[in-house]
Amino acid sequence: MKNKKILLALFAITFMMLLVACGGSDDEGSSGETDTEKTEDTNTETEEGNEEESSGEQVLKIANDQEPAGLDPHITPAHSSVRVYSKIYSTLVRFDENMEITSDLAKEWDWKDDTTLVFQLREGVTFHNGDEVTAEDVIYSFERILDEETGSHIASYLGSIDSMEATDTYEVTFHLASPDATLLTNLTNSSAAIVNQAVVEENGDLQQVAVGTGPFKLEEWVPDNRVTLSKNEDYYVEGQPAVDKLEYYTMVEEASRLSAVRTGEVDMTTVTAQSAELLENEENVNVMDFQTLEYSYVGFDMNHEILSNQKVRQALSLATNREAIADIVWNGQATVSGPIAPSMGNWSIDVKEHDLYSNDLDQARQLLEEAGYGDGFEIEITAASTYADMIDTAQILQQQWAEIGVDASIKQVEWGEYIDIWSNTSADVLVGRNGSGSDPDRAMNYFFNSEGSANVWGYADEAYDEIVTNGKTTIDDEKRQEIYVEAQNHLLEQSPNLFLVSPKNYVAVRDSVENYQPYPHNAEYIVETTKK
Amino acid sequence: MIIPVLFGVSVVIFFTLRVIPGDVAQTILGTSATEESLAALRNKFGLNMPLYEQYFTWMSGVLVGDFGVSMRTGAEILPEILSRFAITFELTILAAFISWIIAIPLGIIAGVKRNTKTDFSVRIISLLGVSVPNFALATILILVLSLSFNYSPPVGYVGFFEDPVKNLQILFLPAFVLGTGMAGAVMRMTRSSILEILRQDFIRTVRAKGVRERVVIFNHAFKNALIPILTIIGMQIGVLLGGTVIIEQIFSLPGLGQMVLTGINQRDFTVVQGAILFIAFVFVLINLLVDLLYSYLDPRISYK
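Here the protein sequences line up with chains A and B, keeping their order.
So in this note's numbering, spot 435 of the first sequence is number 1270, and the numbers just go up one at a time.
So in this note's numbering, spot 26 of the second sequence is number 53, and the numbers just go up one at a time.
Extracted from the complex, chain B is given alone in its bound form:
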């Protein structure tokens, strides 16, 4: 399935980019453009070749791992994608951790104590998490922190291995914003799947054996509830890897999302199509991983 999906993505992104209004050469030169300079630029980027020819040139490169160079800066695209991806990946993992820490315990508690005050509070929190747009939360956090606490995250990104403390200082706020958004959905899913499992016969059997309630919930209920939770977590990680665009922009992080956005604004086709193809690849890969995890968690599921 992976190959046809990626092929489809490559075709769609390639042709969509060329259909949207706005000519690369014209966008670069702006009001200073002359007919000659426009023609020269188009020629340089190979934009005067027929579309299918441009597509095949691009694809034959991609198949051997050559994503080409940026139309704007002439920089190699693949190394750029990989270094950007490292940032987005770290951000996503941090956000996911934060969301699990908030969501899973709260979700379990809400499920176990159904229809109590605790349950209602958790449900309200999760509803807020799902419904407050993360860009709004991000902007509010930045404003409050700078106005009331005179704090803003350090500028100038550094990698985790260069300076772990500064790196985490930079990434914590954006990861927190993304994490809370994610937590809402995970919390709801944890709660409902715990509820469902607790109603099943085998739980009654376990309880009848006199097993302590804590063991019932963690050993028996939670593990069986994990499958739907895992699905939603996998989906969300996939979405985050390609969808942290706004957060990366607000917090000035040079991740993959920012690369796509700058690429689109500058009409840098090669960068945008390369980055999006890569995101699609990662998304498909994560779905595959989640599928494999199912069979680990529930041996009844097998892929043969």
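In isolation and in its complexed conformation, chain A is listed as follows:
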């Protein structure tokens, strides 16, 4: 008897499971089909899409490949975070579409002398919590950045600030320790955001809360899934932002992002060069590209027995065919670059004309001979497996350098370890990518001055230090340009790094999205973007 009851119960459970599951899968099938029909017929996608239309709310959905690592603009340099907090906070000044400095929170500014800069703030601007922005908030924000306790990544950009004073409710005066031609440009950095003191003090930091003055307000952050921003109705630029909501979805897998943008589940996403090609024939998706401010490079340990020899480094430069790297690694969609990426316009020199970019193998062999390594040598190239382009680049270099007898092996490491190796220079040769910043000082001073905090290579050259220090303190733009031409030629000659190519980035955009244009310095300029 007892057995029978148990069996009956087991049967009943199995049966119910079957019902539930079949029901579930049927639903799935049919909703899939109706989705297809809907998209074919009317081009409206999901149920949610319909809701949006009826309420007239415009929601822009963007899929990202990485989860934000926190939202505090002063301590989080991760790109996945910047794209979110740059919509929430404002800076004193910003770049316009031509990369010219224009006003943001600061209405106007004035150099009183080489070391005194006065900002007039917009009046009546409020934080998302209703507090008004005054000179005190500006001073608090920069003091927080410069405070060592904060551990801010942007502090190194603003090192020339000596003191600040509120000369009026809406007027801040910056006193600099030395003339600094880069200051205004560095103030456009999204991390130089103006924050609210009360909010910081209440929460300890701003990793999870965000109260800014920007076009969007933080509505919700569901970790590893989405960040929802809603329109700031009180934003000080008339008519912006054009959409009511901005939703960022974290979708690590490229295939998922492609599928989501194809079916209209999201409106935009970044894609790789390879995927960009796959989307070319897609009717409702346009792929837009833009030249980045980044370049790929090969860094040398300058204290390495063989690599410390300038002739060896020059030989490796000559043995490197950068065009081939652009073709193979980036599908031909990259430009040969020097230490300042070509998209920096007049600041960068035309490196293609440089001798060391000529890929002259005979000359390379001869240089190796002169250096005493006519029979070649063995070397290890380290690259981060997190980025396919770095591994591909390493493999191509391995082949190209083999032509002059250099026997290179490749070591692949995970990103955390890579950063460790980078900072300790514990690799002979390191493949990497750098952002050349928005001011040439970043690329030239920060990475290669013997005192530069990102000069991990052990490159120390007094003549070079003098040139780039001069570049930082020279205010006149034309003179600065001459200085950086000299600096670039000097650096290429010395080759502490080999500069390779500057890639393009790709954004796949549904054709329902209007008024969107990516720029090298701002890939996500969406305050004017609307949806059909």
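No lab work stands behind these hints: they were computed from the structure.
Take these hints with a grain of salt, some might be off.
Think about it this way: if two alpha-carbon atoms lie no more than 27 Å apart in a straight line, the pair counts; the simulated DSS-like pairs of lysine-lysine are [said to hold, decoys possible]:
#1 A:1366 - B:193
#2 B:250 - B:144
#3 B:193 - A:1066
#4 A:1314 - A:947
#5 A:1246 - A:1146
#6 B:236 - B:250
#7 A:1367 - B:193
#8 B:193 - A:1080
#9 A:1066 - A:942
#10 B:140 - B:250
In this text, all values refer to a predicted model and were calculated from it rather than measured experimentally.
Go by the hints and put chain B onto chain A.
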């Protein structure tokens, strides 16, 4: 046994995390790091304390249910783990259901009709289930569905109680992928244990009594075959609860696996060690449940 196992796990995970290369502060600051900012961050996270001291601080919190806060975002870890676990749990249960529905009937049929065409087909299917890696199946499904049927699962996770339909739409594909993988093993186990039971004397006795074949199989054979099947199901649920990492990543589900992965990539030690300790706890708990179920299914097994 539970306490020493969990203690062992906590020690191993804590020290492994600190041995792997990659410094938290350096990973956070990247190329923008300066000596001062690195030191400030390390100080903030308590990383300059001796290791054993860090361990005891962590453990004394855990013992009173305080898993600490994320090094990255400062968010409380335990509530986060619980809400993530709900997602992974639902996914696992769905996957398990799907696998049983496929595997158990097919396994029984294959066992009963040994060495027939049906049996061979079932065995091939189960071999495929076991051997096709689930990430491959997942990627293929996503590509085929989007290219041929213009379908992709909705983005933006919602809980079952918020919107059950959307929730199931989101979870069905990943559960299906995991379920088919699981089904292969369950199918093989069902088949072989049914075969074994059918050979036993008591089955012959039952048959000799003239009982109908269906009753023989379901009432007598299947119930006795359940024990090894249950073992493998229990193991698999345990594995899935901590091992849906790749599937969660491919389908962008904010589950526990994704939490661990993001944690590792961002070197968020407190998050990773908390989440893994929790997974270990759940795994141990499920094994315990399976053991208890044995004695229910077979009264001869008792724990005294």
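These are the hints, each one checked on the structure:
For the proposed pair residue 1366 (chain A) and residue 193 (chain B), the alpha carbon gap of about 24 Å is at most 27 Å, so the pair holds. Between residue 250 (chain B) and residue 144 (chain B) the alpha-carbon distance is near 25 Å, which keeps this suggested pair within the 27 Å criterion. Taken as a hint, the residue 193 (chain B) and residue 1066 (chain A) pair is honoured in the structure, with Cα atoms around 26 Å apart against an allowance of 27 Å. Distance check on the hinted pair: residue 1314 (chain A) and residue 947 (chain A) sit about 20 Å apart at the alpha-carbon level, within 27 Å; holds.
Distance hint between residue 1246 (chain A) and residue 1146 (chain A) is fulfilled; the C-alpha atoms sit about 25 Å from each other, no more than 27 Å. For the suggested pair residue 236 (chain B) and residue 250 (chain B), the alpha carbons sit about 19 Å apart, so the restraint of at most 27 Å is met. Under the criterion of a C-alpha separation no larger than 27 Å, the hint pairing residue 1367 (chain A) with residue 193 (chain B) is consistent with the structure, at around 25 Å. A distance of roughly 20 Å separates the Cα atoms of residue 193 (chain B) and residue 1080 (chain A); the hinted pair therefore holds under the 27 Å criterion.
Simply put, residue 1066 (chain A) and residue 942 (chain A) have alpha-carbon atoms about 22 Å apart, close enough for the 27 Å limit, and the pair holds. At roughly 18 Å between alpha-carbon atoms, residue 140 (chain B) and residue 250 (chain B) fall within 27 Å of each other, so this suggested pair holds.
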